[in-house]
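Using the hints, position chains B and U against chain P.
Given next are the chains, with one letter for each unit.
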Amino acid sequence: MTQPLVAIRSVSKNFGEFQALNRVLLDVWAGEVLCLIGASGSGKTTLLRCINQLTSIDSGGIWLDGELLGVREEGGRLHRLTERQIARQRLKTGMVFQRFNLFPHKTALENITEGPVQVQGRKQGDARAEAMELLGRVGLAAKADAYPSQLSGGQQQRVAIARALAMKPMLMLFDEPTSALDPELVGEVLTVMKELARSGMTMMVVTHELGFAREVADTVVYMDHGAIVESGPAAEVLGRPREVRTQSFLSAVI
Amino acid sequence: MRAARALAGGFPDISEMTVARQAHWRRWLAAAAILVVLAAIGRAFVNGQIEWTYVSRFVTAKVILEGITNTMVMAVLAMALGIVLGVVAAIMRLSPNPVLKSVAAGYTWLFRGTPLILQLLLWFNLALVFPTIGIPGLWSARAVDVMTPFLSALLGLGINQGAYTSEVMRAGMLSVDVGQYEAAQAIGMGRLRALRRIILPQAMRVVIPPLGNEFIGMVKATSLASVIQYPEVLHNAENIYYANSRVIELLIVAGSWYLLVVSILTPLQMLLERRFARGTLQITR
Amino acid sequence: MTRLSFTVGFAALLAITTAKAAELPESIKQAGTLRLTVNSTYAPMEYRDPTTNQLVGLDIDLANEIAKRLGVKIIWSETPFAELIPSLQTKRADFIISGISDRSARRETADFIDYLATGPQFFVLTENEAKSAIDLCGKKVGTTRSTSFPIEIEKWSKQNCEANGKRAVQYAPGENSIDVRNQLKQGRIDAAVQGSETLPYAQGQEAGKYRIVSEPFSTGYQAIMFRKDDAALREVVTEHLAAMITDGSYKAILDKYGLGANAVAHPMMNAAPQ
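Residue numbers (my numbering), protein chains in the order written: chain P, 1 to 254; chain B, 255 to 539; chain U, 540 to 813.
No wet-lab data here; the hints were simulated from the structure. Only true hints are included.
In silico negatives: residues of chain B with every beta carbon more than 12 Å from chain U:
1. Arg280
2. Val300
3. Asn301
4. Ala334
5. Met346
6. Val357
7. Phe365
8. Ser394
9. Ile413
10. Gly471
11. Leu525
12. Arg528
Label-pair restraints from in silico Cβ distances:
13. U/Gly610 x B/Thr520: 53 to 63 Å
14. U/Glu745 x B/Phe384: 19 to 29 Å
15. B/Asn467 x P/Ser152: 32 to 42 Å
16. B/Gly388 x U/Ser671: 31 to 41 Å
Yeah, the Cβ is synthetic: ideal placement off N, Cα and C, and Gly gets one too.
Looking at chain P on its own, in the form it has when it is part of the complex:
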């Protein structure tokens, strides 16, 4: 039997007195598209950020591609990894943020080549060629030399997706990728994400777009108060939720 790409075992996280994650258990398999839904404060974004270690966990473990994240086991105790080791672990994931976070002083093309050239040591020429390809894939080849301030929200988010893909990650993390967009721009971003899902990328998406979840997700996970309440195939969780809390959340948002 093969291993899951991501294994989350008894992960807890507190922010002061607030318990954001409470002994969460989850598997994510290669090629799976998993949507995390729930109210704000439910812990879904925190969980996502723990996977690429933007947020550190208090207890428990996350394995990515078989490697324990952020710590190593030795002599029955856990030792924190160095900053450099953690940065290297982040290369396996790509993240798309709610507010895009494109580098405003660089063009779209430069945003995409920044990682491969600076971090992975790729050659400028190769990185540029691949970046142009990615821009084409998200439908923005014409905007290669535009600055983020010259792009619409939807265009910026698509460039952000290309930027994350340029690092050739094995897992893509999306933190409410369309929440900050005007309604008419949401569609173009979801289109790119659907294409990405079809191409076989493993994706974890925190979202309120239940239509997207229904259409594209393999698994839907509903979280509440830092714990997973219900998880399963999209059609089941969204169509015939077993838990009462899931039902009341869904009826409130639809």
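Only chains B and U this time, still in chain P's reference frame:
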């Protein structure tokens, strides 16, 4: 649903009327009053006990030109040193490492907390504390030979400036959205690389106006180096008036040069601001 | 050369003072006060006593005695050395008695009544090898840059070092006499120059630290400086100064500060050879 109402009466259509030009007579009056005052001050200067022939004679004297050159050289070099130290100190201050944080905080505290003239005098008289300086085993020299007026002024001004610049840089770095740092981390950048490639370039836009201001202050702060015998323009002007007793005239000569330099630097700072605002929405005037 | 100017100076003074007994100018007589300003960093001429912080010195004592004889009070103020002459020109001070040298370059707008013989003198740290002034050729010599000493050193060097095929003295500027002594102690300079009237005090302060090298290498005079158009005040002050020399009170003040050897026989006008 209600039927739309007809517009109410009593409000005439004034769209064809033009706006009359305002008289602004109070402004003209104020301007005239200020001009009168300025003219009176000017007249007092012209008719006063100031021998303007000395001013015109010395304003282009060789030692004065050398002096202003030395002023500019020192201002540029000391500011450069100050910026380098300021960036390093700001990065250390924002580091998770408590040792680095305390060293940076201590540096800022010490060099902002003591008068610049004291710092200059201490560097110049370093030999009182360290008669010889060097690297054990490799090289050593007498402190008085190493700490020339130039080096003492450079270290004194630059290290002092660094303490102020570090606060400006820290504010600039904190002003960059934290999402930028997270995005840099997400593509695998370490802290230092993220600072260098992503944070600092964006911080520059916030940091240029105060740094430009600091540089203008530095140009004049170099005059303090006159007391450790660095031959900048004030020092050289003093030497002239020590010989011919024309104190005010020579100070006017030095003052005019400072004014000229600052007048040139101010529009240059604006050009620099514009360059660093590249890629952002401009606020139109 | 000095003898000639001495005679001329004395004669000039004699000519003026024998004309008629001088009177205090009206404005000063009305006010009942003399306004004087000094650069109080020049021990023993004028300085602040380190323990009492009072303004003391040879010039202070001389001026107080003159004021007593004139029947007026003195209002003292302090200022940097470079401000002394402007203070006189702007009439902030009635005359200057502040360790200032009589120099021809300064006589354009002022007249000097010479009252103390002085001259720049070399000194070194006691352990220094230099035995006489000639040993200082090619060495670094420092002095206060706002004085006339840098020019004196250059002149002396030309006449005594370069003229004999030796390397010139290297002049190193200092801000004031304390700064100069500081540089001497650190070894930044090999020797220093100060007015001969200040050396006994400096040696007294740091016993055994310094050694004077040779006699003063040029003679000049400390003088009381008056505005050129202020002849009346100048004459009345000179009169009383001459009287003080005659009755011995002048010598007593000089001896108090160990400068009896610097006394002049009578006050002279514009007599310095520089």
